[in-house]
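These protein sequence lines map, in sequence, to chains S and X. Just so we're aligned: 33 in our numbering is position 53 of the first sequence, and the numbers increase by one with no gaps anywhere. Just so we're aligned: 203 in our numbering is position 48 of the second sequence, and the numbers increase by one with no gaps anywhere.
Hints in this document: simulated from the structure, not taken from any laboratory. Possibly wrong hints are sitting among the right ones.
Claimed, not checked - With a Cα cut of at most 25 Å, we get these calculated DSS-like pairs of lysine-lysine:
no.	chain 1	residue 1	chain 2	residue 2
1	S	K10	X	K211
2	X	K349	S	K82
3	X	K181	X	K210
4	X	K321	X	K377
5	X	K181	X	K211
6	X	K188	X	K211
7	S	K31	S	K66
8	X	K270	X	K328
9	S	K66	S	K10
10	X	K321	S	K83
11	X	K328	S	K31
12	X	K182	X	K211
Claimed, not checked - Some chain S residues well away from chain X (every beta-carbon gap over 12 Å; in silico):
no.	residue
13	I8
14	M39
15	E72
To be verified - Away from chain X, derived, C-beta distances all over 10 Å, residues of chain S:
no.	residue
16	T45
17	L46
18	N64
19	R65
On a predicted model such as this, the values are computed, not experimentally measured, just so you know. Ideal Cβ placement from N, Cα and C applies to all residues, glycine included.
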Amino acid sequence: MSKAIMDLTELLERVENDRELIRDLLLIFKEEFPRHLQALRDAVDSMDGEKVAAEAHTMKGMLSTLSATSAASAAARLEQLGRNRKVCEFQEAYAAFENISKKLLLQLDTCMAEVGG
Amino acid sequence: MDDGAPFSLVLLDHMMPGMDGYEAAKKIRLLAKNEPLVIIILSSAPGLADPRRLKKLGIDRTLIKPLRRATLFEAIRHGLKPPAPSERVPTRPHEMAQARGLRLLLVEDNRVNQKLALRLLEKLGHQVTLAINGQEAIELLQSSAFDLVLMDIQMPVMGGVEATQKIRDAELKTGVHIPIIAMTAHAMMGDAEKYLSAGMDGCVSKPVRVGFLSAEIDRLAKPANAKTLVFS
């Protein structure tokens, strides 16, 4: 069984069991994610540290709001590498981030169903 | 702790390398089993701790750094007694906010975080206007009066620190002071001071929790002062 990337219990607790809100947050995330992932990918490919940091920061914000801690940490790592212009590590950190966020995407529909979506 | 020597009180720093104060508290509480032991966390960023989490970890109290000698003395002396109201980790004075219905300006670029903050603030009974960056916030502050600003830090076009500095500069001519609360994921030591020195009045960490958000708004909002601003 794959480990849950998103801690739905923690999220429910944090928003005081507002399932409708969680559903909205998940829908927005699902809509926003591909665009931001592409922007991050482009920034990584063009080795633009500033853009990598900015895009990874946005990802980190969304993911931590959704209690997806490990994915948020992977984004935080990219943000830090971007800030420090550690271009040689961009690709590897991006791959790690992409890997974990794909697992998260697979989990989204299950979560949506759990909150009554 | 595991050699059996009893301690009655532990003071733990919040941010420590390797194992932070929360993790240490949890472990210490387990080691102490049912022995009476007071655990106090010292933190430089008020509002970061969630009261339910603190309770779960067995932390009795949070003291805000820089620590005053009298506060520390009082905390130790009272030990297991409940904290004084001024020191208590905020619960959630929803009722107060609901009665006030403040005009809030939310400045946030991230759509997921916008939605979360909007919903929490509206549930608290406030009227919320959204700006997606610092520049837009400044434009809105010129045309409408707000009681308080909730400001993200890192945003495209204009970030929260720069926007705050511009707002404070503009206020020099009018003498008004709009409370600005930083909303930041940088739950790092030193950041809170950086925002305060940029002219912000308070800070909540993201992801925001309704209790802390509400407490920080109630602490800072002074609705009677709301005026529009003129930027040069």
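Hints the structure violates: just list their numbers, smallest first.
-> Failing hints, ascending: 1, 2, 8, 9, 10, 11, 13, 14, 16, 17.
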